[in-house]
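Listed here are the chains, written in short residue letters.
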Amino acid sequence: MQNWDFTGWRSTMHQDNEHQLQFSNRAIKQLMNTTINILHLEDLPSDALFVEKTLKKSNIAFRKLIVDTRDKFITALTAFSPDIILSDHSLPSFNSIEALKLLREANLNIPFIIVTAAMSDEAAVDLIVNGADDYIIKDRLSRLPVAITNAIEKFRLKKIHQTFLETLIKSEKRYRALIEHSADGVVILDQSGKPKYVSASVKNVLGYEPNEVLNMDLFTLMHPDEIADMTLMLKKILNHPGKTIPGHTGRMLHKDGSWRWIEATVTNLLDDPDINGIIDNFRDVTERVQGEQLLSESGKFTNAILSSLGSHICVIDNTGVIVAVNKAWADFGKTNGAVNLARTSQGTNYFEICEKAILAGDLIAKQALDGVLSVFNKDKPVFEMEYQCDSPEEKRWYVLHVMKFGEDQTKVVLSHQNITEQKIAIQRLAQSELSLKQAQSMAKIGSWEMDLQSFELSWSEQAYRIFETNYEQFTPTHRSFLAFCHPYDRVKVDRALRDSVKDSSIDYIEHRIITASGTQKTVEQRWIVSKDDNGLPISLMGTCQDITEKKALERLLDKATTMARIGSYEVDLANDLFFWSPMTKLIHEVDHDFIPTAKTALDFYKPGLNRQKVQEAIDLVMKNQTPFDLELQIVTANGNDRWVRVIGEAELVNEKCILYGSFQDIDKIKETELEVLRAYEEKNVILESIGDAFFAVDKDWIVNYWNKEANRLLHHTKEDVLNKNLWEVFPKSVGSESYKKYNLAVQSKQIVHFEDYYPPMDSWLEVSAYPSSNGLSVFFKDITARKLADKKLNDLNDKLRAHTNELVISNKGLEQFSYMVSHNLRAPVANIIGLGGLLKDETYPSDIRQEFLNGILENVQRLDDVIVDLNLILQVKRQISEKKETVNLQILVDTIQSSIKSLIVKEKARITTDFTAADEFETMKTYLHSIFYNLILNSIKYRKADTAPVIEIRSSLTAGKLIISFKDNGLGIDLNKKADQIFGLYKRFHHHVEGKGMGLFMVKTQVEMLGGTISVNSEVNLGTTFLIEFNV
Amino acid sequence: MSIPHHYIVVDDDSLNNLVCKHVILRFDKEAQIMLFADSELALKFLAEQFIHQTENGGSILFLDINMPIINGWEFLKAFEGLEEKIHKQIRIYLLSSSIDPSDIEKAHENPFVKGYYPKPLSVQTLDAIRNETMS
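Chains as they are written, first to last, in numbering that gives the first Met the number 0: chain A, 0 to 1031; chain B, 0 to 134.
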């Protein structure tokens, strides 16, 4: 940039802007790729996180440091060297204003963006004024990335701009110096102001030869008015060696005697040893100064005009600097507190203000700036825009007008004109038009006007809408309008309109139309005839209302009342004036021209109660205006009885009582009601006459039916229970079977059949409960007799079963007996017979015969034993009547031990007992003794040959049962083979031991007699365990 | 078929065995009689002795029903398990004190039982058995 041709820079400003823009795009791209340091002043971690997330979502590469106190902030400014600062507006110990102040004091130029919760406009302005570059509302964080890039880019451009300007200033100085040292008149003065050197060009300026000038006191050439100034100037020059003092302008005397305006640029180079003088470089600027004076005068005139204008006017140059403003502009800036484009004073940069506003999201500013630039770029000669700019008190509108500043292409004139009043007036007009339109649209009223010369019609928008057409498709004329009318109505409508023009006799008609889309509608037309000064009609102006819906409703109402046979009446009794609607007449079956009177009207009511009632009601309503609503019977003109509902109200009109109301034929309704009543009675008869008891309850268990049989079975009269809660009448039945089943029926919506016992009546009931949407119906009957029979039958069955069991048992006993007879009883007998037969043969030697005889005797003995056993067994079965006593088990075992002492000693038997769980047992002692004796003896008998018998006896209690176990270490029994025979009579399992096979049979029999059971567990050579269980 | 001269009596009642011995001897002076009070021993004897012989129907065995350890029915079951060769040599007759018809019926159902006779054994019984065997 430094290499640019500086002379052209102003005219290339536009290109410069473009370059900058391109440059800015490049920069943003660069920014995307370079990591920026973001210092975030924020005390809420969550908010900091949101900001971070938002940034991460954008393409900005960044490092972020979060600080929340003043100290940390200051440290971070140097340590972190942020590229940009984001700041919450207010922190507990710090705020953004203070932060901005710190930046300013430290002379740090870092973009500063406020990121804050909601904030007032004033506060925002305040922050911007204090140097903030932007502010972002926290819930609009999405704008943040753009704001950051913008801010950074803005700062960068500013920097470039500044550098550029500085360079420029330097080069311009150089230029000036060059010019002044060569082209213009140049004089070098010594310390006292005496010329030391005079350039040849001086003659061009003042007319004197250089030599003349060398001998001159230059002060003599100066205008007397300006000598004092010049003296001061000289002092200043002398005091500032090396410094160029530009642009001093004063008058000097030309050789031709005229005063010339001279502009001098003076540099004190007394200290420069090469020069040792004051270089005064000067030129004639008389024309310019005179031109300026002229301009200044005309400027004054223009200013006066401009100042008197209400519009705010300013002139800006192509860098945006405001060069001049008028009074209105300046005043507005002073008085207006709001942010405004016009709120800029002379010298400030209009473009910057606009850009700032654009960054803050001001779209108007963007439009304005674009507009101004478009004029600069000669895209448009003039730019105009309207914008709204409200003050806190009121709404305001302005129009911005931008145009070229005469021939000067580097400037434009801006004017902001307040157009609020016009705007409001226009809006009001639009509003009222809109209101009318809306009202018409809502009421479906269109308006029209017909020119009586041309018969052309103009329709309002709504009128088009009613006819379902539009402006483009349809041109309304009287004729084309008639085409829309229903064919049957066309003549009528045409005539009505024509008649109204003739004599104004008609201004209203209802008719049907067929709309463009074929819908039939009913419309109501109202119009007036507009006349000229001579009273001649010139046009018709009217409205057209769509009353289709209204008509439909009317028809519907009419239909409904007809269907419901509702008529009406009105009576002015004082004047005996009656009005009956056609329906009322129809109900009375009188002719349509029938005129009722008080007398005739009343006579229609059936004599007696009906007539009396209506008379009373009318008396009351006339007296107190008490409304009435009666259902009465009339006799029609044709002699038919008919139920009617008469509703009446009275109103006092001018002290006269007017009675009016409705008159409805309710004969059918009444008949239905009566029918229902009859059906109800019929149901009653059925419910009362059925043999079953019946009652019904509603959903809240309130009894609404209770028949006589229910009364009889439950012993509650209908009066007792009707309209009461069932469970309040039968509190004891709550929770009963019936209660549960009724609830089940209601909940499941299923019919439930069940039987229940009803204690108060000692009766059994068979019940069927039928749920319905209204509640529950319950049918029930007394089944006590059947129940008793059932019970008897069951008892008999039980007894039969018991007998059968007994029989089975005794049958088993018999089998056992038969077995005994077959084998044990008959075997000795058979032997005796056999031996006896042999003994008869006397040929046998005597010793053999003796053997036979002994055999006989032995068998006789056996026979006797069996008979004794038999007796014993039969006795056991008979002795069940013995009394129970408490038996101590240990004592029992001890007693048995002592009775078989010799055996125990001989066999070295040992008996151990453990009766800690149960040591006593309430039972028949002899039986228990026999059981214990047999089992102990059994164990000793069937001991193992080489092992001394050990018997362990213990008791235990399990689940209400006393269990006594006998465990031995004897031979054991092969249960696989013998399980079914162990407890059989005369069953023995070993040969070597004496035994009849009766012990275990007896044990089992006796255990069973005591109500117990016995089981065995045994393995060959491992011993046997008997378990006896008794119910305790 | 020759007239059998071998008689086996299986009964735990020794007196019955005594009666049987003398009655058989009265019927057949040359009869060879084996008396068993223990049915197990009797079975063992049959299994060992008859395996070497082939004299079909040559031996008559009188079996009691009511015995300890192995009763008559169990004896028959065990006999069934012996070789057929043995089966052919021995004709089994039940000799029981029982006059219970259910016992008699059960006896007839068993294929090895040739007849059922109530105790005591008599010459008439032996005669009937001989006649039956000869015919």
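Worth flagging that the hints you see were computed from the coordinates, not collected in a lab.
Computed from a predicted model, the values in this text were never measured in an experiment.
Among the hints, a few may not be true.
[Claimed, not checked] Here are the simulated DSS-like cross-link-like pairs (lysine-lysine), alpha carbons at most 30 Å apart as the crow flies:
hint, chain 1, residue 1, chain 2, residue 2
1, A, 622, A, 605
2, A, 394, A, 377
3, A, 960, A, 905
4, B, 28, A, 940
5, A, 839, B, 28
6, B, 20, B, 113
7, B, 113, B, 84
8, A, 377, A, 443
9, A, 839, B, 84
10, A, 698, A, 780
11, A, 158, A, 520
12, A, 943, B, 43
13, B, 113, A, 943
14, A, 717, A, 667
15, A, 598, A, 550
Verification of the supplied hints:
1. Between residue 622(A) and residue 605(A), the direct Cα distance comes to roughly 24 Å. Compliance with the 30 Å bound is thereby established for this hinted pair.
2. This hinted pair does not check out: residue 394(A) and residue 377(A) have alpha carbons roughly 33 Å apart, beyond 30 Å.
3. A hinted pair counts as satisfied when its Cα atoms are at most 30 Å apart, and residue 960(A) with residue 905(A) does not qualify at roughly 36 Å.
4. With a CA separation close to 42 Å, the supplied pair residue 28(B) and residue 940(A) exceeds the 30 Å bound.
5. With a C-alpha separation of about 18 Å, the suggested pair residue 839(A) and residue 28(B) falls inside the 30 Å cut-off, and the hint holds.
6. Between residue 20(B) and residue 113(B) the CA atoms are separated by roughly 20 Å; this keeps the pair inside 30 Å, and the hint holds.
7. Of the supplied pair hints, the one linking residue 113(B) and residue 84(B) holds, its CA atoms being roughly 17 Å apart against a limit of 30 Å.
8. Straight-line distance between C-alpha atoms of residue 377(A) and residue 443(A) comes to about 52 Å, which puts the hinted pair past the 30 Å bound.
9. For the hint linking residue 839(A) to residue 84(B), the alpha-carbon distance of about 41 Å lies beyond 30 Å, and the restraint is violated.
10. Straight-line distance between C-alpha atoms of residue 698(A) and residue 780(A) comes to about 23 Å, which keeps the hinted pair within the 30 Å bound.
11. A C-alpha spacing of about 75 Å is found between residue 158(A) and residue 520(A), which places the hinted pair above 30 Å, so the restraint is violated.
12. Distance hint between residue 943(A) and residue 43(B) is fulfilled; the C-alpha atoms sit about 24 Å from each other, no more than 30 Å.
13. As the CA atoms of residue 113(B) and residue 943(A) are separated by approximately 40 Å, the hinted pair breaks the 30 Å bound.
14. Of the supplied pair hints, the one linking residue 717(A) and residue 667(A) is violated, its CA atoms being roughly 33 Å apart against a limit of 30 Å.
15. Only pairs whose Cα atoms come within 30 Å are accepted, and residue 598(A) paired with residue 550(A) is rejected, the gap being roughly 37 Å.
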